[in-house]
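These protein sequence lines map, in sequence, to chains A and B.
Each number in this note's numbering comes from the position in the first sequence (counting from 1) with 10 added on.
Each number in this note's numbering comes from the position in the second sequence (counting from 1) with 736 added on.
Honestly, the hints are just simulated from the structure, not real lab data.
Just so it is clear, CB atoms sit at the ideal spot from N, CA and C, and this is done for glycine as well.
One should not assume that every hint holds.
With a straight-line cut-off of 20 Å between C-alpha atoms, the simulated SDA-like cross-links for lysine to any residue are [stated by the list, open to error]:
#	chain 1	residue 1	chain 2	residue 2
1	B	1076	B	1116
2	B	842	A	127
3	B	955	B	911
4	A	40	B	1102
5	A	40	B	842
6	B	1102	B	1121
7	A	36	B	1121
8	A	127	A	66
9	A	36	B	828
10	A	100	B	1007
11	B	754	A	115
12	A	86	B	983
Reference listing, derived: stretches of chain B covered by chain A, where coverage requires no fewer than 3 residues with Cβ under 8 Å from a Cβ of chain A [said to hold, decoys possible]:
#	stretch
13	831-837
14	1043-1050
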Amino acid sequence: MENIDSNLIDFSIIQNLIELGGDDGKEFLKEIIELYIQQYPELFNSIKNNAENNNANDMYQSAHALKGASLNVGAKEIASLCKQIEFKGKANDMTQIPELIASLENVYPLTVGELTKLY
Amino acid sequence: MAKILVVDDEITSITILKKVLEDAGHRVTTVSDGNMAMEKIKEFKYDIMLTDFNMPGMNGIELTEQAVKIEPDMIVILITAFATIRSAVDAIRIGAFDYLTKPINKEELLLSIDRGMERVSLVHENLLLKHKLEQVEPGEAEEDYATANKDIKVMLNEAKKVAKTDSTVLITGANGTGKEVLAKLIHKNSLRKDQQFVVINCAAIPTQLLESELFGHVKGSFTGAIKDHKGYFEIADNGTIFLDEIGEIDIMLQVKLLRVLQEREFSKVGDTRTQSTNVRIIAATNQELKKMISEGKFREDLYYRLNVFEFYLLSLKERTEDIEFYFERFIREFSAVNKKKLPAIEKNVRDFLLSYPWPGNIRELKNVAERVSILCENHKITSDLLPLNIIGVNQSKKYTEDYNENKESIIKEFEINFITKHLKIHKGNVAATAKSINFHPVSLRQKIAKLGIDPRDYKY
Chain A
11 MENIDSNLID
21 FSIIQNLIEL
31 GGDDGKEFLK
41 EIIELYIQQY
51 PELFNSIKNN
61 AENNNANDMY
71 QSAHALKGAS
81 LNVGAKEIAS
91 LCKQIEFKGK
101 ANDMTQIPEL
111 IASLENVYPL
121 TVGELTKLY
Chain B
737 MAKILVVDDE
747 ITSITILKKV
757 LEDAGHRVTT
767 VSDGNMAMEK
777 IKEFKYDIML
787 TDFNMPGMNG
797 IELTEQAVKI
807 EPDMIVILIT
817 AFATIRSAVD
827 AIRIGAFDYL
837 TKPINKEELL
847 LSIDRGMERV
857 SLVHENLLLK
867 HKLEQVEPGE
877 AEEDYATANK
887 DIKVMLNEAK
897 KVAKTDSTVL
907 ITGANGTGKE
917 VLAKLIHKNS
927 LRKDQQFVVI
937 NCAAIPTQLL
947 ESELFGHVKG
957 SFTGAIKDHK
967 GYFEIADNGT
977 IFLDEIGEID
987 IMLQVKLLRV
997 LQEREFSKVG
1007 DTRTQSTNVR
1017 IIAATNQELK
1027 KMISEGKFRE
1037 DLYYRLNVFE
1047 FYLLSLKERT
1057 EDIEFYFERF
1067 IREFSAVNKK
1077 KLPAIEKNVR
1087 DFLLSYPWPG
1097 NIRELKNVAE
1107 RVSILCENHK
1117 ITSDLLPLNI
1127 IGVNQSKKYT
1137 EDYNENKESI
1147 IKEFEINFIT
1157 KHLKIHKGNV
1167 AATAKSINFH
1177 PVSLRQKIAK
1187 LGIDPRDYKY
């Protein structure tokens, strides 16, 4: 666990998930991370498509949902990027959105790499 | 155990919440948006709704506003990934009970649920206390079932074992044999002992009212239903309901009761929604239910559901050792209550007591003990303190040489037997008894008073 990148993952959240899982803590952690990986493409694509179509409100909703899911698995860098997209979407401000989406595209595989090391 | 509806559009949150809540023993239903949540609330009764704040379509605030209109007593806890003072204030203002932030902290969540359930319990307790104040109780049941009879002692041991299970129990026996006391003993020895124990006399409440008392009703379901009303299957959830005089329950209501026993579900009168309940039922009757089944007055399937364990309480005349046992016990209790020295009991008092048939069983014996305890002087209980119906029945067997004395005694015996028999048929109603025996009601009241008969002994 020591070689987990703390810039990408909040390890206290991972420990919390293992505790929530009780006797099957690791299994439970795996289940939640797999659910996160499963739903990520749909939420990411929704952010991207809505951004491309200048649909700020729907982009904000998808970013909010992805932020919540990311916080649940301790994916703090993704959550931070989503939070910025969410705020901009809520304010109907579409500047720097492509850059933020590009950052998400970069950070996601690294985050998944770290998460899958955990089980 | 709380019945909790979890509303969140995000699958990892739902999975985590479900896991934490189910591990803590709660019953959890999950949905992914506000509209589905409203559908569930209309179908089923939940104690707590745990909802995400920010959802597409109907958000948490809008959902809370709509939900509390339908279910004002439901506890709502809002969860959000990003808390602001403003949103927290908004949530509480519209009726939310608490406000939590993501990621979920197990201790914080379970503490909030426990506090919510405390409020649910307080609401239920208040309703029960209100009901108890409105009820005219003939007297609190004793803490334990005392007896000198060895068969009853064996039965009590069995009852304590059965108490630990959730099985339905049927208690049979004549009036006044202590069916409610036994039911209370079973509850106090059960795992539900810290929960509610509700007593309902099915014979004392008209059918429509009984249905409403048991299952509750919604506003407008019948004339006079001016607001929603919680029934005992909701208020006493996780506790025990004692249904006395179960044989008096209407055949239509029997169907609804059967559903509770089979499915652990019911609906309020006038409501299409289903509610679950975890109530243990103890039923009692002095009637022959099997005979009622053959007459089509009682459902056979309900009988077998109720009769998982049956305990038959012997009448006093079938266990004469308990007559002296209870009499002495009651005299001790009443002497203490009336702050009197414990009196001596004359031998012929015991003889009178033992040869009387005690149709009202322990309840009647207790009334007699109270009477003599109040009347007794010089710390001695003598036979002249006993009611005439007890002495009369015995004296009739002992003829003297005096013609008039014997004649009076025989007439008195006849009058007591005749009047008490008809009072029993009419459940202690003097006017109905007078009409049925073609006797003027005022004269009957005078005669009853003269003979020392208490019509209340024949009420149940």
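Violating hint indices (sorted, rising):
2, 3, 4, 7, 8, 9, 10, 11, 12, 13, 14
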